[in-house]
Amino acid sequence: DAKTTQPNSMESNEEEPVHLPCNHSTISGTDYIHWYRQLPSQGPEYVIHGLTSNVNNRMASLAIAEDRKSSTLILHRATLRDAAVYYCILRDDQTGANNLFFGTGTRLTVIP
Amino acid sequence: EPEVTQTPSHQVTQMGQEVILRCVPISNHLYFYWYRQILGQKVEFLVSFYNNEISEKSEIFDDQFSVERPDGSNFTLKIRSTKLEDSAMYFCASSDPYRSYEQYFGPGTRLTVT
Chain C
1200 DAKTTQPNSM ESNEEEPVHL PCNHSTISGT DYIHWYRQLP SQGPEYVIHG
1250 LTSNVNNRMA SLAIAEDRKS STLILHRATL RDAAVYYCIL RDDQTGANNL
1300 FFGTGTRLTV IP
Chain X
14 EPEVTQTPSH QVTQMGQEVI LRCVPISNHL YFYWYRQILG QKVEFLVSFY
64 NNEISEKSEI FDDQFSVERP DGSNFTLKIR STKLEDSAMY FCASSDPYRS
114 YEQYFGPGTR LTVT
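Those sequence lines, one after another, are chains C and X.
Each residue of the first sequence is one higher than the last, beginning at 1200 in our numbering.
Each residue of the second sequence is one higher than the last, beginning at 14 in our numbering.
Read the hints as simulated data drawn from the structure, not as lab findings.
Every residue gets a Cβ at the ideal spot worked out from N, C-alpha and C, and that includes glycine.
Honestly, I wouldn't trust all of these hints.
Claimed, not checked - Listed next, the in silico DSSO-like pairs over lysine-lysine satisfying Cα-Cα at most 27 Å (straight line):
| id | chain 1 | residue 1 | chain 2 | residue 2 |
| --- | --- | --- | --- | --- |
| 1 | C | K1268 | C | K1202 |
| 2 | C | K1202 | X | K91 |
| 3 | X | K55 | C | K1268 |
| 4 | C | K1202 | X | K55 |
| 5 | X | K55 | X | K70 |
Said to hold, decoys possible - Label-pair distances were calculated between CB atoms; the ranges are:
| id | chain 1 | residue 1 | chain 2 | residue 2 | range |
| --- | --- | --- | --- | --- | --- |
| 6 | X | K55 | C | H1275 | 32 to 42 Å |
| 7 | C | L1279 | X | D75 | 35 to 45 Å |
| 8 | X | Q54 | C | E1244 | 14 to 24 Å |
Stated by the list, open to error - Here are some chain C residues pointing at chain X (derived, C-beta under 8 Å):
| id | residue |
| --- | --- |
| 9 | T1229 |
| 10 | Y1231 |
| 11 | P1243 |
| 12 | F1300 |
| 13 | T1303 |
The task is simple: from the sequences and hints, build the whole structure.
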């Protein structure tokens, strides 16, 4: 699986937007970009995914660079509940291999 | 909202003993997975299961591990002879075949091998 690079940690003030970056310079044409998060003492949780176009859902937005070598997860208004480790994962969804290979992710701290 | 459940929440066992970790995936899901997370480390894929057989497994999933779907609702992970290094949080996950991009994870079972 292609590798991703994320900052180890980030901080944000509550109710401000957060931009979590991810670099994936070796992404292949069939790799989807998935974001999961892991709240303290919980299992991972799906956040969003995309291929080429920017995506929005109720939790977040995903901005994908035109060359697909990087992406940014955007939380529009951080809340204390958003404090978690955020994982950017590449997965070739067309092969039927649904396994997720987690990296070390970005630990987001939300400051009240 | 439907959720994946796991039992027990915490299991303590002695080295060399067999353990079975249990999971109840979401009812209409057809893909099932086990992952583990050693304390302070990243989440690691162990095995995926579909149509009553293993789809893929990692190199961690050796002969000491097995999975089973004994009935229409449970999905189990068995470790035949536990080692100290098997101590970890074990997460079960499941996904809908039409939305396989979204895996739903359970709360985990913390396995402590002494």
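Status of the hints after comparison with the structure:
no.: 1; hint: C:K1268 / C:K1202; result: 11 Å, holds
no.: 2; hint: C:K1202 / X:K91; result: 31 Å, violated
no.: 3; hint: X:K55 / C:K1268; result: 23 Å, holds
no.: 4; hint: C:K1202 / X:K55; result: 14 Å, holds
no.: 5; hint: X:K55 / X:K70; result: 17 Å, holds
no.: 6; hint: X:K55 / C:H1275: 32 to 42 Å; result: 27 Å, violated
no.: 7; hint: C:L1279 / X:D75: 35 to 45 Å; result: 41 Å, holds
no.: 8; hint: X:Q54 / C:E1244: 14 to 24 Å; result: 19 Å, holds
no.: 9; hint: T1229; result: 13 Å, violated
no.: 10; hint: Y1231; result: 7 Å, holds
no.: 11; hint: P1243; result: 5 Å, holds
no.: 12; hint: F1300; result: 6 Å, holds
no.: 13; hint: T1303; result: 5 Å, holds
In this structure, the hints that do not hold are numbers 2, 6 and 9, in rising order.
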